[in-house]
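Using the sequences plus the hints, can you model the full thing?
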Amino acid sequence: MNLTLEIWRQESPKAKGRFETYKVQNISPDCSFLEMLDILNETLIDKIQSPINFDHDCREGICGMCSLYINGRPHGPDDDVTTCQLHMRKFKDGDTITIEPWRSKAFPVIKDLMINRNAFDQIIQAGGYISVTTGGVPDANSIPVNRNDAELAMDAAACIGCGACVAACKNASAMLFVAAKVSQFALLPQGKIEAKDRVKAMVAKMDELGFGNCTNTYACEAECPKGISVSNIARMNREYMCAKVI
Amino acid sequence: MTKLNSKIPKGNLAEKWTNYKSHQNLVNPPNKPKLDIIVVGTGLAGASAAASLGAMGFNVKIFCISDSPRRAHSIAAQGGINAAKNYPNDGDSVYRLFYDTIKGGDYRAREANVYRLAEVSSSIIDQCVAQGVPFARDYSGLLDNRSFGGAQVSRTFYARGQTGQQLLLGAYGALSHQIKTGNVKLYSRREMLDLVIVEGKARGIIARDLVTGELEKHFGHAVVVATGGYGNVYYLSTNAMNSNTSAAWQIYKRGAFFANPSYVQIHPTCIPVHGDYQSKLTLMSESLRNDGRIWVPKKKEDAEKIRNKQLKAIDIKEDDRDYFLERRYPAFGNLVPRDVASRAAKERCDAGFGVGNTGLAVYLDFASAINRLGKDVIEERYGNLFQMYEKIVDENPYENPMMIYPAVHYTMGGVWVDYELQTTIEGLFCAGEANFSDHGANRLGASALMQGLSDGYFVLPYTIQNYLSKDIKVPRMSTDLPEFNNTLNEVKERLNKLMSIKGTKSVDHFHKKLGHIMWEYVGMGRTKAGLEMAVILIRDLKKEFWSDLRIPGDINGVNTELEKATRVADFIELGELAALDALQREESCGGHFREEHQTPEGEALRNDNDFMFVGAWEYKGEDKSPELHKEELKYEAIEVKQRNYK
Numbered sequence: 001m002n003l004t005l006e007i008w009r010q011e012s013p014k015a016k017g018r019f020e021t022y023k024v025q026n027i028s029p030d031c032s033f034l035e036m037l038d039i040l041n042e043t044l045i046d047k048i049q050s051p052i053n054f055d056h057d058c059r060e061g062i063c064g065m066c067s068l069y070i071n072g073r074p075h076g077p078d079d080d081v082t083t084c085q086l087h088m089r090k091f092k093d094g095d096t097i098t099i100e101p102w103r104s105k106a107f108p109v110i111k112d113l114m115i116n117r118n119a120f121d122q123i124i125q126a127g128g129y130i131s132v133t134t135g136g137v138p139d140a141n142s143i144p145v146n147r148n149d150a151e152l153a154m155d156a157a158a159c160i161g162c163g164a165c166v167a168a169c170k171n172a173s174a175m176l177f178v179a180a181k182v183s184q185f186a187l188l189p190q191g192k193i194e195a196k197d198r199v200k201a202m203v204a205k206m207d208e209l210g211f212g213n214c215t216n217t218y219a220c221e222a223e224c225p226k227g228i229s230v231s232n233i234a235r236m237n238r239e240y241m242c243a244k245v246i
Numbered sequence: 001m002t003k004l005n006s007k008i009p010k011g012n013l014a015e016k017w018t019n020y021k022s023h024q025n026l027v028n029p030p031n032k033p034k035l036d037i038i039v040v041g042t043g044l045a046g047a048s049a050a051a052s053l054g055a056m057g058f059n060v061k062i063f064c065i066s067d068s069p070r071r072a073h074s075i076a077a078q079g080g081i082n083a084a085k086n087y088p089n090d091g092d093s094v095y096r097l098f099y100d101t102i103k104g105g106d107y108r109a110r111e112a113n114v115y116r117l118a119e120v121s122s123s124i125i126d127q128c129v130a131q132g133v134p135f136a137r138d139y140s141g142l143l144d145n146r147s148f149g150g151a152q153v154s155r156t157f158y159a160r161g162q163t164g165q166q167l168l169l170g171a172y173g174a175l176s177h178q179i180k181t182g183n184v185k186l187y188s189r190r191e192m193l194d195l196v197i198v199e200g201k202a203r204g205i206i207a208r209d210l211v212t213g214e215l216e217k218h219f220g221h222a223v224v225v226a227t228g229g230y231g232n233v234y235y236l237s238t239n240a241m242n243s244n245t246s247a248a249w250q251i252y253k254r255g256a257f258f259a260n261p262s263y264v265q266i267h268p269t270c271i272p273v274h275g276d277y278q279s280k281l282t283l284m285s286e287s288l289r290n291d292g293r294i295w296v297p298k299k300k301e302d303a304e305k306i307r308n309k310q311l312k313a314i315d316i317k318e319d320d321r322d323y324f325l326e327r328r329y330p331a332f333g334n335l336v337p338r339d340v341a342s343r344a345a346k347e348r349c350d351a352g353f354g355v356g357n358t359g360l361a362v363y364l365d366f367a368s369a370i371n372r373l374g375k376d377v378i379e380e381r382y383g384n385l386f387q388m389y390e391k392i393v394d395e396n397p398y399e400n401p402m403m404i405y406p407a408v409h410y411t412m413g414g415v416w417v418d419y420e421l422q423t424t425i426e427g428l429f430c431a432g433e434a435n436f437s438d439h440g441a442n443r444l445g446a447s448a449l450m451q452g453l454s455d456g457y458f459v460l461p462y463t464i465q466n467y468l469s470k471d472i473k474v475p476r477m478s479t480d481l482p483e484f485n486n487t488l489n490e491v492k493e494r495l496n497k498l499m500s501i502k503g504t505k506s507v508d509h510f511h512k513k514l515g516h517i518m519w520e521y522v523g524m525g526r527t528k529a530g531l532e533m534a535v536i537l538i539r540d541l542k543k544e545f546w547s548d549l550r551i552p553g554d555i556n557g558v559n560t561e562l563e564k565a566t567r568v569a570d571f572i573e574l575g576e577l578a579a580l581d582a583l584q585r586e587e588s589c590g591g592h593f594r595e596e597h598q599t600p601e602g603e604a605l606r607n608d609n610d611f612m613f614v615g616a617w618e619y620k621g622e623d624k625s626p627e628l629h630k631e632e633l634k635y636e637a638i639e640v641k642q643r644n645y646k
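As you go down the protein sequences, you meet chains Y and C in turn. Going by the numbering used here, the first sequence wraps up at 246, each residue one higher than the last. Going by the numbering used here, the second sequence wraps up at 646, each residue one higher than the last.
Read the hints as simulated data drawn from the structure, not as lab findings. Don't take each hint at face value.
So the derived label-pair ranges between C-beta atoms look like this [stated by the list, open to error]:
id, chain 1, residue 1, chain 2, residue 2, range
1, C, 620, Y, 95, 47 to 57 Å
2, Y, 238, C, 372, 37 to 47 Å
3, C, 623, Y, 204, 51 to 61 Å
4, Y, 149, C, 607, 49 to 59 Å
5, Y, 149, C, 372, 23 to 33 Å
Every residue, glycine too, gets a C-beta built ideally from N, C-alpha and C.
Shown next as structure tokens:
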């Protein structure tokens, strides 16, 4: 396959960014999207040019590090995958592909396509955990969990923290990310003890960091590589209301 | 006389850890915040250690190379975590988990460490459940288990095919909790590039800020390296792209011995290589072998037709299929340990029975499980793995069998540590995959997560406290000490040297070349001649690297090529040491298979008389031969036998 790439280049967080055009040739359809960028980078290094910086790590769809906005969609045109699991067979020979970083005030660009998602860590630090310390906990089977609740908790816990939900949202809302963590713990008996404080603290931190509000477009669910359901947002809203009112 | 003192406590095997804890020295609560501990790495071992030490009141600084601790590659572990809970009532016990691990490691692991690992395994599950890790449950609401290779009991706890993710997020939550309380400070996008030693003790690190390029000096009364394994020395592996061995290698060059670098695990069930551009290999969890059956055609002509796309797997009749693991190992069948399964697959492919375009693949077939249990059950158990396979290979594994081939996955070798997980440098500890301690020559499935969390939650909090009890009067040191400045300058020089080569080849060019050498000569089957060749080729590659490397861009700011260059420079040196280690070990054991040493049936043939030791290498300086130290392994509670899974 021969392709034209329109790629966002930005030297540093404060520098002005721009699109640059690159051509890649003889790309195998079995090649992954990031491997296609590797090939491009090798040609840039050959020409003593600075390679394109992008975040990536596990390349098997679980670490949440890769984060490209491809042809106007977070993680590109394929459903239920991260960018690293996207393969070139999803494109056509001769295509022009536009590649941008996630765009959100809370995720500033570091360089080119790399962004700073430290805001997500801060939200978790605000209360996205159960406050047990090591040791002195009861036997695992002394806390039975309804199987259905355990499955729903696992559905929510599958979030990889990539930020596609924020990138997809016109308000750059982090509701799906926060709701996934709130839901996981709200569904489990271990998490119920701190449930009220947790949801209040996490929502407050999310607002403080400049994420927008949810206006129910469901773009987050549509673009989530792990298929996290917006019903988690409903659960979080309920948890939040209960915590504030009761 | 060896310099190795493993410090194994006295007493019966089952009492050693209890005895240690009863008699160790403690640090009282008011003194703990005065003591700084540096933890490098935020995977299971690093995050759990930092969270636990922080909760105890120590002042912890934790470093990670990614944007968030949650990216560490522990996250990719799929299948599960072992624990001797015996919930299924199928005969499990601490002793049996210990026994299986020692046997699985081909009698090359330290007995006392492994027993402790089995002993604390239950507490790990308790801890994780209390953290809200959503393990799989049965309809009564209690925890479910499955089986893994090398065991005849079901002792593996799991969270779908994302167990590593859930355990890491549990540890990340605990870590985040401690960050909020202020006991732990997180330094993200930082890479440790060297260790600072003051008066013979580890007292800090030099880290590079990967965003600004700035070099930083950090002090700690003790330092923990938990930076994972060195599988990426093979270029293609199941490790993440950023997984590297540089922290472990730099401490080796500062005096920490490096043990058994030739012990590398080649995992049998990975998606086969499909092109030159490929950047990594993807694992298909071992848990699939619970329900998947591994086979190749019985007839060479069928295999050939499949390779030429004239036949499909489903065209091969049941009688014409060779379920070679079930045939060779009826007792364990498809659930033999990884080293055994990998070698058996290689044997069939080398003999001309392989499938796929390249002939370097075997089938992993779920048809009988789908017939027996229904597609729904298989989807519930392995849905995410099947989806991942389909996305990569573009074939539906519910309809056609998966194609798999062995790939580098885990490294049993690593930094030598004593019973306290302390290296040969005082005050420097090493945990998780980065150390060599618990898996001998082969690791059993679902034991890496167990070891990482055991080291972090339940071992280091005790042993570091014991060490720091002597340091309560040592004030925080200034990072303006000459030791810090000198080390910083050495790092700076190394980086400048890399930048100034200005050659013609990219880092990846050298990394791929190294990977080819390693896979060819230090891979699944090794010979004396091949290993000697590897040493020569790697030395040549090192010269070429340092004279023809090209790194575009600047030493300041983000420069991913420079990051990769520092890592590949270390991989090249480690590759040579792995080859030397494989060369000296004139036997086959676990993942180390010397073709000269095998039984008539093609099984690994150990030489217990001459090689029942841990080979720990001491760095002697640039271009000098490293020195081998031997820690004899003594088995008191276990009878050493030829491994048998038949």
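Right, here's what the structure says about each hint:
1. C/620 x Y/95: 47 to 57 Å: Distance hint for residue 620 of chain C, residue 95 of chain Y holds at roughly 56 Å.
2. Y/238 x C/372: 37 to 47 Å: Holds: the Cβ-Cβ distance is about 41 Å, inside 37 to 47 Å.
3. C/623 x Y/204: 51 to 61 Å: holds (59 Å)
4. Y/149 x C/607: 49 to 59 Å: For residue 149 of chain Y and residue 607 of chain C the Cβ distance comes to about 54 Å; the hint holds.
5. Y/149 x C/372: 23 to 33 Å: holds (29 Å)
The earlier numbered hints are all upheld by this structure, with none contradicted.
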